[in-house]
Structure formats: structure tokens, C-alpha cells
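A.B. asks: Below are the chains, spelled out letter by letter.
Protein chains: 2
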Amino acid sequence: MTGTVAKPIIGIIGTGAIGGFYGMMLARAGFDVHFLLRSEFCAVAERGLQLDSAVHGALTLNPVQAYSAAKDMPPCDWLLVGAKTTSNADLAPAIVQAAAPGARVLLLQNGLDVEDSLRELLPDSLHILGGLCYICVHRAGPGVITHQALGKVQVGYHSGPAVGEQARVSIADEGTRLFQAAGIDANSMPDVQEARWQKLVWNIPYNGLSVLLGASTAPLMADTDSRELIKALMAEVVEGAIACGHQVPPGYAESLFAMTEKMPDYWPSMYHDFLGKRPLELAAIYARPLAAAKAAGCQMPRIEALYRSLSFIDRRNA
Amino acid sequence: MTGTVAKPIIGIIGTGAIGGFYGMMLARAGFDVHFLLRSEFCAVAERGLQLDSAVHGALTLNPVQAYSAAKDMPPCDWLLVGAKTTSNADLAPAIVQAAAPGARVLLLQNGLDVEDSLRELLPDSLHILGGLCYICVHRAGPGVITHQALGKVQVGYHSGPAVGEQARVSIADEGTRLFQAAGIDANSMPDVQEARWQKLVWNIPYNGLSVLLGASTAPLMADTDSRELIKALMAEVVEGAIACGHQVPPGYAESLFAMTEKMPDYWPSMYHDFLGKRPLELAAIYARPLAAAKAAGCQMPRIEALYRSLSFIDRRNA
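Chains as they are written, first to last, in the working numbering: chain A, 940 to 1257; chain B, 940 to 1257.
Worth double-checking, as some hints may not be accurate.
Where chains are identical, the list cannot tell them apart; a pair therefore holds if satisfied intra-copy or between any two copies.
BS3-like mimics (lysine-lysine), calculated; alpha carbons at most 30 Å apart, straight line [as the list claims (entries may be wrong)]:
1) Lys1233 <-> Lys1170
2) Lys1201 <-> Lys1091
3) Lys946 <-> Lys1010
4) Lys946 <-> Lys1233
5) Lys1010 <-> Lys1201
6) Lys1233 <-> Lys1010
7) Lys1216 <-> Lys1170
Don't read these hints as lab results, they were simulated from the structure.
All chains should be modelled from the sequences, with the hints used to inform the complete structure.
C.D. replies: Written out as C-alpha cells, the structure is:
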């Protein structure tokens, strides 16, 4: 025992706003970070990554260890997946190519059961974890990321070789310490499903209403009717979570509501997807929670109405 | 008794799509019809009224007995109010000026309790009736009306000097016969509130969703998610009506749904109001039914979510 541990090699699968932000923060902290890119590979290889953060200041990473193909990446101990949930199944080959033996694959994504479509496509030897990011960040251009506020990550173990509660928590704690070492608030969750339900208390109202009403958080929080609608949607998510056997701390929805009032004006990621004519993450954020709650005997009628409306909009936007 | 009855003098208060259509049909049938106009007075006085009807063909009425002030109108036995419910209280002085003693004031409007704001502003000697129009009609330009399909009117007595069920039904029947004499399908309803609730089964889904989703009936009826949402909203209206003590015939919602599938593609009136940046009829079509159902112990959560969303949109559109 020397007391020193080799720093893990980290791979970023999908270098958008989320992958880019956390990858740059980890690189700044001295981690060996490798970025997989698609459409923005050339821009990032030439000009590097730029972060304009209201919390951490301006950062530039140049040169970037950037790759256009996963097979060229070194074997990574941690893989942080920041791509959209709508493409999880397509990412499996890249993850397998970039993973070191026993790698931890952390999905920094919103929604429920996002790990499941990936689990059956990955070898049993890889760990899958879920990560919930409480952050206001968006991609301002190729390789350019704007970070407006917050940044906390919650990490929970999903599936893989770790057997038993202790082993699962231990690997989640490893992930938590990575973020903490990069100056980011983070904590482990014993149950990733519970963490995902809790995050839905924010995502279900704000992501959907940003598209449905064409409004960012500030106007949504300034209008008496949208405020009541947000509260009612949050209450339905909490009911759904509890029906599914999860804990939601008392006052949790109220605290997210209050947090959003203090946030800078923010366009949720679903609105950016809508504007970019990309498919909306409706399965992960709406359809699966609705199905899970229904199976547990819980109706979430306002969420269902929102989901139906968004499905109509998504199909027209395609 | 001679068997002949003098034809009543009819006044149209608010010559938009509804008032213009029924007024022209009555004039064509030989009734003495007088039209009150505001912004379109000059256009109609110069060029008359035009109707392009898919059912009745092309009609022109020129010259028109057109007025820019109610005080210039002859005393009318029947006043048909086709203006928006959002301006009912403002219309009271014009109605009083144009009304013959004992006149019947028929509100050809959607929504609940639209008679109430007017009742307290009119003398007790005037009868108020409600009329529900099942029709696809819109204003195509100043004095120009396009009639796409349907046309049926349901008439019910609301309040006034008629005492007892028989007297109330008798006056509603008078109104029904006016429309029938003009070649329009019409029937009397014993309870105008019940008729209004039944009409809401159509208005609540289609008016709101046309604004919320920017879609006319054809695309709304072609998408699997909007179809399910429409059915769910209709079911909530039926529950609300029953909770408030009204009858809704079995299969009523299904018949309106099927009727809409057969209709030509149609933009409901609320969408035209939205486009024209006029206030939406949210109080009559949403807020009052929600309050009435709630008072009867019935939640209509999807309708409430729709109402909150529309309120946000309406305020932004002002």
C-alpha cells in the first residue's frame, strides 16, 4: 500500500453540453480524458473545447484528446455517456470498443430505465451506473459550451458484476469521488431508480412545458397559471414515485420549485432538441414513468395529457 | 285566430361568422333582419354580406339593413347575439336599445353560464335563451363568411318572464321554429345548462388543442396521441356534466368524435381568436366548467392542465 492510486482513464461518449462540461472539468483537475465526437470532431480537433461558465470562469482545453471513432480510444476505466437517451442502443458498440476490462459506464442522462436498452447489449463484465445532473448547461456552438448555473451529480449503481449492496455503493462512491476531485458537488444514491424518479420531478414539468408553451424557466415561473401547472405536474411525479415504492423526501418538489425560481433563465434540453428538429426524449422522460406508475396502480393524468401533446408535436417536428 | 302570425323582427348583435350566417339564412327565408356591426360596418354597408356555403351554395345579401349603433335599429322581437362571450357585459346597452318589449335574447355562444353576466344587466322583462351551434363556419374577410359544414342549433330557455316549464319550452320552441323556417336543423332543449355541457364535449378538446398544438381537426384526428388525448378530455367533460346533475346520452362523446372524423378540416373559433390576438374564451369554455365540476366534487385534471396552458398562451398573446 502506497496510498496513491493511479488516476483512471476517462472516456466521454457524446461530447455535447453535458459530456463536454464534465469532461473539461475532469481534464482541468488532471484526469486523462478522451473525447469521442461525431459531427463536431473537426471543429474540436482544430480549435479545442471552450467552456464559458458562470461558476468556474472561462476554460479552454486545446489540444483535446479527440476521436472520431471509439476503436482509436485507449481502454477507459470510466465511460461517461452524455448522448441523448434516444440513441442509447446505437452507442453500445462504441462503449464496448472504448471500455477497459471491468469498466464503469456512467449514463449522465435524464429519464427512467435508460440503462435497460444498453444493458442487454453490453457484456456482463461492464458495470452500468446512472448519473443525474442538476445543471444549467447548453451547447452554444461546435465545441463551445455555456454553463449558467448549478452542476451537482447524483450517482447510483444500476447493474453489472458488483454483487451486494456494499459493492454497489462502493462503485457509486468511486464515481462520486471523481466528480468531487474535479470540484463538482456529487453524492451517491443507493438506488438509481429512486434518483431517476426524483430528477423527473424537475424534468417532467420543465422540459415538456418549454416545448409545449415555447417558454424558458423565467416566464414559466412568472405566470400564475404555469406555476400552478408546474406544481400539479410535480405532485403527480411524486405520487408516481411513491406508488412505485420510492422515497421522495418531504418538501422535495417545493425545494426544486424554489431552486428554479433562483436559477438564471434557462431553456431545458428538450427545447434545444425541438429547435434542432431532433427527436424528443419522450420515452425516457414520459412514457416509461407513465407505464411504471400505471403498473403500480397510479394514474398521472396531467402528465399523460402533456405526453400526448408532446408526442403530437414531436411527430410533426420530425 | 287567422292562422297567420306576423313575422318577428330579428336583430343580429355582432355580425361575425355565426351572427352573419344565421342572419343571412333568416333574411333569405323572408324574415326582416337587422344587422349591428362595428369594425365592418362600412364594408357591409357598401358591399353587402356574402356567404360561401358548402351546404346552401353562394348567397349575397345587398343591400343589408346594417347599423353602426343599436339606437338606430327598430325594436326587435328576437335578438341573436353572435359576439364573443368575452364581451357579453359590454353588449347589454346595445341589447336594451334594440329590444322590443318582451323581446327574446338568444345567445349563440359556447361555454357555460354565458347568460349570467348579461342577466343582471338586462331588465327582467326580457327573455334570455341560450343557443348552441353545431357548425363549421368562419369569417373569411369583412362581410364575407365561409360555411364548411353542419349548422344545427339547439335552443334552451335561460331566464326571464316565462314562468313554469311549459312557458319556457314554448318560447324555446318559438326560437327553434325560426331556424327551421330558414331551412336550418334545430331543436329545443328543456335545460340550457345541459345543452351547454353537451356542447362542451366538443369545444373543450378541439378549441383548446387547436391553439395549444397549432392544429386543425384533420391532423388532430389523424394522430394516435392527439386522438387519445381528445377522447380522454371528452370523457372528463362527460364526468363533469354528470357530476353537475346533467344527462349525457350514452355514446354521446363517441358520436361527436365520429362526426369530427367526417367533417372537413376545420380550425375552431378559438384558433381564429388566437391568430387575431383577441382574448380567448377561456372563462366560458374552461374556467366555469372546471369550477362547477369542482364544486360538485369532480376533478377534471387533464382539462385543468389544458386550461392552465391556454391561460399562459392567452396572456402572452395579449
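A.B. asks: Taking the hints in turn, state whether each one holds.
C.D. replies: The hints, checked one at a time:
Taking identical chains as interchangeable, the C-alpha atoms of lysine 1233 and lysine 1170 lie at most 30 Å apart whether they share a chain (20 Å) or sit on different chains (18 Å). Taking identical chains as interchangeable, the C-alpha atoms of lysine 1201 and lysine 1091 lie at most 30 Å apart only when both belong to the same chain, with a minimum of 16 Å there against 53 Å between chains. In this assembly of identical chains, lysine 946 and lysine 1010 lie within 30 Å of each other by CA distance solely inside one copy; the values are 22 Å within and 89 Å between copies. Within a single copy, lysine 946 and lysine 1233 get their C-alpha atoms no closer than 44 Å, and across copies no closer than 61 Å, so neither meets the 30 Å cut-off.
Taking CA atoms no more than 30 Å apart as the test, lysine 1010 paired with lysine 1201 passes in neither setting, with 43 Å inside one copy and 56 Å between copies. Neither within a single protomer nor between protomers do lysine 1233 and lysine 1010 lie at most 30 Å apart by alpha-carbon distance, with minima of 42 Å and 61 Å respectively. Taking CA atoms no more than 30 Å apart as the test, lysine 1216 paired with lysine 1170 passes in both settings, with 28 Å inside one copy and 28 Å between copies.
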